[in-house]
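*Asks:* The task is simple: from the sequences and hints, build the whole structure.
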Amino acid sequence: MNQLLQTMADSTSQSQQQVRTVALIGPPNSGKTTLFNRLTKLRQKVGNYPGITVEQHTGVMALSGREITIIDLPGVYSLNPHSEDERVAVSVLNGSMDGVPRPEAILLVLDATNLTRHLTLAAPVIALGLPTLALLNMGDLLAGRGGSIDTVKLAGELGVPVAIVSATEGTGLDAVGRFLQQANEPVQMTLPVVQDVRECRRWAAHIARESAYRAPLPPAWTRRIDDVFLHKVWGPLVFVIVVGAVFQTVFGLGQPLSNALQNLLAEMGQKVAPFIANDFLRSLLLDGIWKGVSSVLVFLPQILVLFLFIGLLEDSGYLARAALIADRTMHSVGLNGKAFIPLLSAYACAVPAIMASRTIENKRDRLATILIAPFMTCSARLPIYTLLIAAFIPERPVVGVLLGTRALAMLLLYVLGFAAAIGTAKVLKSSVLKSTSAPFVLELPEYRWPTLRSIGLRLTDRGSVFLQQAGTVILCISLFVWGLTNLPLHQGQPPELEKSVVARLGHFIEPVIRPLGFNWKIGVGLLTSVVAREVMVGTLGTLYGRDPETRSMSLQAALQHDLTFSGAMALLVFFAFAMQCTSTLAVVRRETNSWKWPVIQFIYMTGIAFLGAFLVNHALSALN
Amino acid sequence: MQVRLSDLKLGETAVIEEVALPESERQLLMRFGFQDGAEVRCSRRAPLGDPIVYSLDGSEIALRVETACQILGARVESRPITDYSE
Chain A
1 MNQLLQTMAD STSQSQQQVR TVALIGPPNS GKTTLFNRLT KLRQKVGNYP GITVEQHTGV
61 MALSGREITI IDLPGVYSLN PHSEDERVAV SVLNGSMDGV PRPEAILLVL DATNLTRHLT
121 LAAPVIALGL PTLALLNMGD LLAGRGGSID TVKLAGELGV PVAIVSATEG TGLDAVGRFL
181 QQANEPVQMT LPVVQDVREC RRWAAHIARE SAYRAPLPPA WTRRIDDVFL HKVWGPLVFV
241 IVVGAVFQTV FGLGQPLSNA LQNLLAEMGQ KVAPFIANDF LRSLLLDGIW KGVSSVLVFL
301 PQILVLFLFI GLLEDSGYLA RAALIADRTM HSVGLNGKAF IPLLSAYACA VPAIMASRTI
361 ENKRDRLATI LIAPFMTCSA RLPIYTLLIA AFIPERPVVG VLLGTRALAM LLLYVLGFAA
421 AIGTAKVLKS SVLKSTSAPF VLELPEYRWP TLRSIGLRLT DRGSVFLQQA GTVILCISLF
481 VWGLTNLPLH QGQPPELEKS VVARLGHFIE PVIRPLGFNW KIGVGLLTSV VAREVMVGTL
541 GTLYGRDPET RSMSLQAALQ HDLTFSGAMA LLVFFAFAMQ CTSTLAVVRR ETNSWKWPVI
601 QFIYMTGIAF LGAFLVNHAL SALN
Chain B
1001 MQVRLSDLKL GETAVIEEVA LPESERQLLM RFGFQDGAEV RCSRRAPLGD PIVYSLDGSE
1061 IALRVETACQ ILGARVESRP ITDYSE
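First to last, the sequence lines map onto chains A and B.
For the first sequence, position 75 matches number 75 in the numbering used here, and the numbering has no gaps at all.
Throughout, the numbering used here is defined as the position within the second sequence, counted from one, plus 1000.
Hints are computed from structural coordinates only; laboratory data are not their basis.
Careful, some of the hints might be misleading.
Coverage of chain B stretches by chain A, computed from C-beta distances (three or more under 8 Å per stretch; other residues unrestricted) [as the list claims (entries may be wrong)]:
{"#": "1", "region": "1009–1017"}
{"#": "2", "region": "1028–1040"}
{"#": "3", "region": "1062–1068"}
Even glycine gets a Cβ: it sits at the ideal position worked out from N, Cα and C.
*Replies:* What follows is the structure, encoded as structure tokens:
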């Protein structure tokens, strides 16, 4: 029955208000987001609710010349303000959320294939007394798998109109338009005490029975696929292959794409350079602004590649299985299985990894994952690792031809980062981020084919969020560091690097980093690498290239000349731990919606780096 | 005979009698259908044995052993899992 049922034709309360704002609410996995995208035809805005880490999507729907604002609320199972998501939902529905208009009507989205469970949410939502339309989503699946529901009876039981829709197929949605044209308040019905979940469930079961609900047969093919994907032997094997493929692609495809884009952007800058006569202006435009813009853009390929995979995994239903398989292992370090993919991605780059952590619903687990992700050895650390290892560690076989000293050193650095991440996770999870009150509950959705549409939406969504919100911070900091390296002006010209503010800062912090075995040049390198780790190599190249003593040497030779062995090893350890990545900090700020966590993270990681480098430098110096 | 959900063998069904967990955890589990009177079938185990996947209300939901062992129920003869009558 694909039509809106006006159960209240004879209702006395014909308050025909003009609906301007409507809230979309439903349990997680009810297909709410797909419906939202359908209704708004992508005319949407993504933001954060003020002061909270829950994302806010609002969109505009055109309805016979009028524009109706649709607020997409977080997926919730009830309106008891237990979780942040539910608190947000309640305050938006009450109109007490700053900056969000009070909704005048509600679209309640319920999964028709899980109706008994999803109806639990109907009681508290209808009890709000706003005009409500209950949309039974996935109507195509219900019918296709032999389930059925009497919508007339259901509408009668609920006291609100009911429509069967399919957001993926786009069927039945005209009901929404008709409802919004003529929104009526719900008929007074006997509703359960809405704070009592048990009562609500009993009520839901009763309603489902009264409206002749027949649940669809569990999809046999989902169980057949799981017989393989969750098999004792094949399951982990498939898991390793899938995870390996994701890692390989992010690393092997995303990284070269990022490099290619970086080269392209640099070349474009070079092409334009001769046309800007003024040296200072050229430096500002190219080295300051354009480099800043480039440093934002180079992350895009990796973000898009990773989210393409996450989209495929999540939409197909495999992500939940991967979480199930990884959970036992992740549990032993105090995290849950859903943290696995984000942490793995962090080996390529922490920026997309931190953005991927939002698949973890438990806020504390998600925060812990965000905080430890930058310890994973990301690809930006590799240039400085390779440089220092090649300069200071002679190549000797350790395990025959299989493993040499250099490969071993590299491996140790990976292990070091991993150990720091695990250690930090354990500390966090047993102290500030202890989450005893939220048991790990993982729903295994049925397998579905991911749609091009939903994957495309996800990519544009993540891409634009990164560019708009993290990008601006990255750009600002890049410009700031450019300012430090190009000031003070000397007869209208930028100074040589040695005479710039950043060099003075390098000299200034020398006493602090001296115990680590670093000199002021390394200090300047560390300061400039706050923008991005790989900048270190370029800075050192410039500094040693200007120094008459090291001018004719290669960078490797110059470093050997200027650094002790223990200082070089300390520098490696420093890089393994330190948070020298503005982009990561910007993304952490964006994902936690406050400066508190990125600041804590920066201080913590730099502190560990300092301590680690100090210990390594002194231990190795004592040995020699 | 009362049994912990974590002790159910594959394919066995139990009717939940007690969720021995703090109120907030009970509320969360209840949203997924784990509550007194619910019929729960142990349908699968993760390859390493933990978590365990349960079928109830037509959905498949995984719980860790540490949680499932706090949920007590009575074993029943396995009925078709599509039967929703109470």
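*Asks:* Does each hint hold? Answer for all of them.
*Replies:* Now the hints, each set against the structure:
1. Residue count for the region 1009–1017 of chain B with a Cβ under 8 Å from a Cβ of chain A: 0. That is fewer than the three needed, and the coverage hint is violated.
2. Beta-carbon proximity to chain A at under 8 Å applies to 8 residues in the region 1028–1040 of chain B; the threshold of 3 is reached and the given coverage holds.
3. Counting residues of the region 1062–1068 of chain B whose beta carbon lies closer than 8 Å to any beta carbon of chain A gives 5, which reaches the threshold of three, so the coverage claim holds.
Violation of the numbered hints given earlier is confined to hint 1; every other hint is satisfied by the structure.
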